[in-house]
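**Q** Below, each chain spelled out in residue letters.
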Amino acid sequence: MLILTRRLGESITIGNEIKVILLECQGKQVKLGIIAPKDIKVHREEIFEKIQEENQKASTVSKHDLIEIAQIWRKGVKKSTSEELVSSKHL
Amino acid sequence: MLKMEERPLKESSMVNLSTNRFGNLIIEKENIITFEQGLLGFEELTQFAIIAVEECLPFEWLISLEDPVVAFPILDPTLLFSDYKPSLTKEDIVLLDIKNEMDVEMFCIVTLGETPKNVTLNLKGPILINMKNKMGKQIVLTEDYYSLNQLLIQN
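If you're matching them up, the sequences are chains P and H in order. In terms of the numbering used here, the first sequence is residues 1 to 91. In terms of the numbering used here, the second sequence is residues 1 to 155.
With the rest of the complex left out, here is chain P:
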């Protein structure tokens, strides 16, 4: 692993197109700014772990339980749009 020391406001570049700037330091928290091309995805590491956990849980769902869910579904589940999803998140 390459380890670099940076001061506030300084940055590092990765390749030609990615730049990481140290924006703020507060106690144990560090705020980073990342400039990267649109098609480079930047994620917090935890999101991968959470999806792994979800996958793990999903992989053992029983047929019986899914049949039950399908029955509830058929009784009627309301369709939404992402817009409604966004607005409900802001409430």
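Be a bit skeptical, because a hint or two may be false.
[Unchecked claim] Only pairs whose alpha carbons sit at most 25 Å apart, straight line, appear in this in silico DSS-like list of lysine-lysine:
| # | chain 1 | residue 1 | chain 2 | residue 2 |
| --- | --- | --- | --- | --- |
| 1 | P | Lys-41 | H | Lys-90 |
| 2 | H | Lys-29 | H | Lys-137 |
| 3 | P | Lys-38 | P | Lys-19 |
| 4 | P | Lys-63 | H | Lys-137 |
| 5 | P | Lys-19 | P | Lys-31 |
| 6 | P | Lys-50 | P | Lys-38 |
| 7 | H | Lys-132 | H | Lys-29 |
| 8 | P | Lys-28 | P | Lys-50 |
| 9 | P | Lys-50 | H | Lys-85 |
| 10 | H | Lys-132 | H | Lys-99 |
| 11 | H | Lys-137 | P | Lys-50 |
| 12 | H | Lys-117 | P | Lys-75 |
| 13 | P | Lys-41 | P | Lys-31 |
| 14 | P | Lys-38 | H | Lys-85 |
| 15 | H | Lys-132 | H | Lys-90 |
| 16 | P | Lys-57 | H | Lys-137 |
| 17 | H | Lys-85 | P | Lys-41 |
| 18 | H | Lys-85 | H | Lys-134 |
| 19 | P | Lys-19 | H | Lys-90 |
| 20 | H | Lys-90 | H | Lys-134 |
| 21 | H | Lys-99 | H | Lys-134 |
| 22 | P | Lys-63 | H | Lys-29 |
| 23 | P | Lys-50 | P | Lys-31 |
| 24 | P | Lys-38 | H | Lys-90 |
| 25 | H | Lys-99 | P | Lys-41 |
| 26 | H | Lys-29 | H | Lys-134 |
| 27 | P | Lys-57 | H | Lys-117 |
| 28 | H | Lys-85 | H | Lys-99 |
| 29 | H | Lys-117 | P | Lys-63 |
| 30 | P | Lys-63 | P | Lys-75 |
| 31 | P | Lys-19 | P | Lys-41 |
| 32 | P | Lys-38 | H | Lys-137 |
| 33 | H | Lys-99 | H | Lys-137 |
| 34 | H | Lys-85 | H | Lys-137 |
| 35 | H | Lys-134 | P | Lys-41 |
| 36 | P | Lys-38 | H | Lys-99 |
| 37 | P | Lys-41 | H | Lys-137 |
| 38 | H | Lys-85 | H | Lys-132 |
| 39 | H | Lys-117 | P | Lys-50 |
Please keep in mind that the hints were generated in silico from the structure rather than gathered at the bench.
Using the hints, position chain H against chain P.
**A** Below, chain H alone, put in the same frame as chain P:
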């Protein structure tokens, strides 16, 4: 003579899979989906098939051919969110060799909570499948409004 040749050809185009949850399955080879990178947490499994069990519809199952104990309940997310259409990155397009976005089908994995009513849909990590070449990938979206645990049943 022709018939003799036809038989082995037909047999070799099918794969038999014995499973605990679904009994014996016969899967056509052309329906096998390859996930070169596996799924998150299941990187070692690369061969899957989608199976539909009538009582489970509209939910389907993404079952591993290498380890049939592993089967994920999946749902077409547009059944719930009609305009769910995350954008594809260049990386996804190259990896799945996507020539036309219309060839791509998207599914989300369903997870159960404490009770079946607490069932959630993972909108954050959908599964993309290029139906033309049967290549698949689980992607992770950067959009904040797509939840990992979207409740499926609101009331």
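**Q** Against each hint, give a clear statement of whether it holds in the structure.
**A** Quick rundown of the hints versus the structure:
1. Taken as a hint, the P:Lys-41 and H:Lys-90 pair is honoured in the structure, with Cα atoms around 10 Å apart against an allowance of 25 Å.
2. Distance check on the hinted pair: H:Lys-29 and H:Lys-137 sit about 19 Å apart at the alpha-carbon level, within 25 Å; holds.
3. A C-alpha spacing of about 13 Å is found between P:Lys-38 and P:Lys-19, which places the hinted pair at or below 25 Å, so the restraint holds.
4. Annotation: proposed proximity of P:Lys-63 to H:Lys-137 holds, straight-line Cα distance about 24 Å (limit 25 Å).
5. For the proposed pair P:Lys-19 and P:Lys-31, the alpha carbon gap of about 14 Å is at most 25 Å, so the pair holds.
6. Proximity of P:Lys-50 to P:Lys-38 is assessed by CA-CA distance (about 24 Å); at most 25 Å being required, the pair is judged to hold.
7. Restraint check for H:Lys-132 and H:Lys-29: satisfied, since their Cα atoms lie roughly 14 Å apart, inside the 25 Å limit.
8. Taking the CA atoms of P:Lys-28 and P:Lys-50, the gap is about 23 Å. The hint holds against a cut of 25 Å.
9. Note on P:Lys-50 and H:Lys-85: the hinted pairing holds, with a Cα-Cα distance of about 22 Å set against a maximum of 25 Å.
10. Using a Cα cut-off of 25 Å, the hinted pair H:Lys-132 and H:Lys-99 holds, with the two alpha carbons roughly 9 Å apart.
11. For the given pair, H:Lys-137 sits about 17 Å from P:Lys-50 by alpha-carbon distance, which is consistent with the 25 Å threshold.
12. Distance check on the hinted pair: H:Lys-117 and P:Lys-75 sit about 13 Å apart at the alpha-carbon level, within 25 Å; holds.
13. A distance of roughly 18 Å separates the Cα atoms of P:Lys-41 and P:Lys-31; the hinted pair therefore holds under the 25 Å criterion.
14. A distance of roughly 17 Å separates the Cα atoms of P:Lys-38 and H:Lys-85; the hinted pair therefore holds under the 25 Å criterion.
15. Restraint check: the Cα-Cα separation between H:Lys-132 and H:Lys-90 comes to about 18 Å, which is no more than 25 Å; the hinted pair holds.
16. Restraint check for P:Lys-57 and H:Lys-137: the C-alpha separation of about 19 Å stays at or below 25 Å, so the hint holds.
17. Under the criterion of a C-alpha separation no larger than 25 Å, the hint pairing H:Lys-85 with P:Lys-41 is consistent with the structure, at around 17 Å.
18. At roughly 20 Å between alpha-carbon atoms, H:Lys-85 and H:Lys-134 fall within 25 Å of each other, so this suggested pair holds.
19. At roughly 20 Å between alpha-carbon atoms, P:Lys-19 and H:Lys-90 fall within 25 Å of each other, so this suggested pair holds.
20. Between the alpha carbons of H:Lys-90 and H:Lys-134 the distance comes to roughly 18 Å, so the proposed pair stays at or under 25 Å and holds.
21. Our distance criterion of 25 Å between C-alpha atoms is met by H:Lys-99 and H:Lys-134, whose separation comes to about 13 Å.
22. For the hint linking P:Lys-63 to H:Lys-29, the alpha-carbon distance of about 24 Å falls within 25 Å, and the restraint holds.
23. A C-alpha spacing of about 22 Å is found between P:Lys-50 and P:Lys-31, which places the hinted pair at or below 25 Å, so the restraint holds.
24. In summary, the hint linking P:Lys-38 to H:Lys-90 is supported, as the alpha carbons are separated by about 9 Å, within the 25 Å threshold.
25. About 21 Å separates the Cα atoms of H:Lys-99 and P:Lys-41, which keeps this hinted pair within 25 Å; it holds.
26. Between the alpha carbons of H:Lys-29 and H:Lys-134 the distance comes to roughly 10 Å, so the proposed pair stays at or under 25 Å and holds.
27. Distance check on the hinted pair: P:Lys-57 and H:Lys-117 sit about 15 Å apart at the alpha-carbon level, within 25 Å; holds.
28. Of the supplied pair hints, the one linking H:Lys-85 and H:Lys-99 holds, its CA atoms being roughly 17 Å apart against a limit of 25 Å.
29. Distance restraint check for H:Lys-117 and P:Lys-63: the Cα-Cα separation of roughly 15 Å lies within the 25 Å cut-off, and the hinted pair is therefore satisfied.
30. Of the pairs offered as hints, the one joining P:Lys-63 and P:Lys-75 holds, with about 19 Å between alpha carbons and a cut-off of 25 Å not exceeded.
31. Our distance criterion of 25 Å between C-alpha atoms is met by P:Lys-19 and P:Lys-41, whose separation comes to about 13 Å.
32. Restraint check for P:Lys-38 and H:Lys-137: satisfied, since their Cα atoms lie roughly 20 Å apart, inside the 25 Å limit.
33. Of the supplied pair hints, the one linking H:Lys-99 and H:Lys-137 holds, its CA atoms being roughly 16 Å apart against a limit of 25 Å.
34. Distance restraint check for H:Lys-85 and H:Lys-137: the Cα-Cα separation of roughly 16 Å lies within the 25 Å cut-off, and the hinted pair is therefore satisfied.
35. Simply put, H:Lys-134 and P:Lys-41 have alpha-carbon atoms about 24 Å apart, close enough for the 25 Å limit, and the pair holds.
36. This hinted pair checks out: P:Lys-38 and H:Lys-99 have alpha carbons roughly 20 Å apart, not beyond 25 Å.
37. Straight-line distance between C-alpha atoms of P:Lys-41 and H:Lys-137 comes to about 15 Å, which keeps the hinted pair within the 25 Å bound.
38. The straight-line distance between the Cα atoms of H:Lys-85 and H:Lys-132 is roughly 19 Å, inside the 25 Å bound, and the hint therefore holds.
39. A C-alpha spacing of about 21 Å is found between H:Lys-117 and P:Lys-50, which places the hinted pair at or below 25 Å, so the restraint holds.
Taken one by one, the earlier hints all hold for this structure without exception.
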